[in-house]
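Spelled out, the chains give:
Number of protein chains: 2
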Amino acid sequence: MSENEHGTLPLSPTERSTVKRGAKRAVAERDALWATLDAGLVCHLSTVVDGAPLVLPTGYGRDGDTLYLHGSTGARSLRTAAEGVQVCVAVTLLDGVVYARSVFHHSMNYRSAVIHGTAVPVTDPEAKLHGLHVLTEHMAPGSWEHTRLPNPKELAATAVLALDLTEAAVKTRVGGPVDDDADVEADLCWAGVLPVRWGFAEPESAVPGRPVPEHVTRRAAAAPGR
Amino acid sequence: MSENEHGTLPLSPTERSTVKRGAKRAVAERDALWATLDAGLVCHLSTVVDGAPLVLPTGYGRDGDTLYLHGSTGARSLRTAAEGVQVCVAVTLLDGVVYARSVFHHSMNYRSAVIHGTAVPVTDPEAKLHGLHVLTEHMAPGSWEHTRLPNPKELAATAVLALDLTEAAVKTRVGGPVDDDADVEADLCWAGVLPVRWGFAEPESAVPGRPVPEHVTRRAAAAPGR
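So the sequences go chain by chain: A and Z.
Quick note on my numbering: the first sequence kicks off at 235 and runs consecutively.
Quick note on my numbering: the second sequence kicks off at 235 and runs consecutively.
Any given hint could turn out to be false.
One copy or two, either will do: identical chains are not told apart, so a pair holds if it fits within one copy or between any two.
What the hints assert, rightly or not - Derived lysine to any residue pairs resembling SDA-like cross-links, with alpha carbons at most 20 Å apart:
hint: 1; residue 1: K387; residue 2: V418
hint: 2; residue 1: K258; residue 2: G351
hint: 3; residue 1: K258; residue 2: F434
hint: 4; residue 1: K387; residue 2: V412
It should be emphasised that the hints constitute simulated quantities derived from the structure, not laboratory data.
Could you build all of it, start to finish, from the sequences and the hints given here?
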């Protein structure tokens, strides 16, 4: 619960994600950002609507430094503002609960990405189809090849938003509790980490007569996240 | 990916969470709201900072219709504005990936709670200690009794926020894909659900000489979430 070891994300009202850092650090952070985004399945998309904050969960996909968002979720303004809308997007992966010797030092292990920018509706049909491809393959790898692709009517009914990853921050907490020396010396109670794991269970078929395809069984069999 | 079966949350810029509904439905929704909040571990807290949206992950706990938030995460304004700050909070539990016969009808199964309101700093020492108790027991059930409680200095260094649950919406998607009749009849590919499961792994001890206490082993042994 203390601020020192998990604390605030490296963001502030004035500096936001732009932290002073060397080029090497920036490359490492870009890798960590991509890895965090690639490991998640749902993001939280935040906008300002009539001066009030609105946050909603939605699917996403990443292609290089572009994050594609599914426009059906969220405020109508997101889908219709041709010039784009200011957004903040967070992807969070919880890795464990940190039990400390004091309530104050209880914490969580996690990987977190926060992106600031302008989400722009993708309207060009070919670019939109590409965005949908990226979104679909992130949510359900293999589905783009396996299932019926969007027809013109479906494509028109689907909103895709693109967000540049330039202004982004990534933060991670790993490891055990960081207790005060006095509490460690007192040795009055247990402390440690309860790791959080997630993964996929057995596929539930909606087409009993048909074998589960390999792109689905492979995903189900993969080791739980991290 | 279509809007009809998972679509937008029951929120709009003008109506937000206030949906027309009967008293029975309202009670059921309150139960679902509480259950969703109680099943999650991390929320996404959204605010408006200098006119721009900001969303950050943070811990929380629920006592009746009050959601307590941990004030160390997020914008400084959240912790210092005595009169409170307008926030939107989302708790999302992903239950499965829905593979449809068409890309368009791909979807996700989930439970989602979205709360709008004013987060007010809890400053009265007794109320603050209660809020911390609720937060701690949600993150690490049993820890309040097991570990050293906050001393006055730690209590002063910790910010706790309270948010009323009155203006809240809960949404759930369950079940298999909802495909077009033509795609079902064509029977060209597999469809179904890949369930998502999460739970706890074996505790990693930071105090090797000491047995893992029962409140931790019990949690680790509990069946993975839903």
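Quick rundown of the hints versus the structure:
| no. | hint | result |
| --- | --- | --- |
| 1 | K387 - V418 | between (64 Å within a copy, 18 Å between copies) |
| 2 | K258 - G351 | neither (24 Å within a copy, 42 Å between copies) |
| 3 | K258 - F434 | neither (35 Å within a copy, 35 Å between copies) |
| 4 | K387 - V412 | between (56 Å within a copy, 17 Å between copies) |
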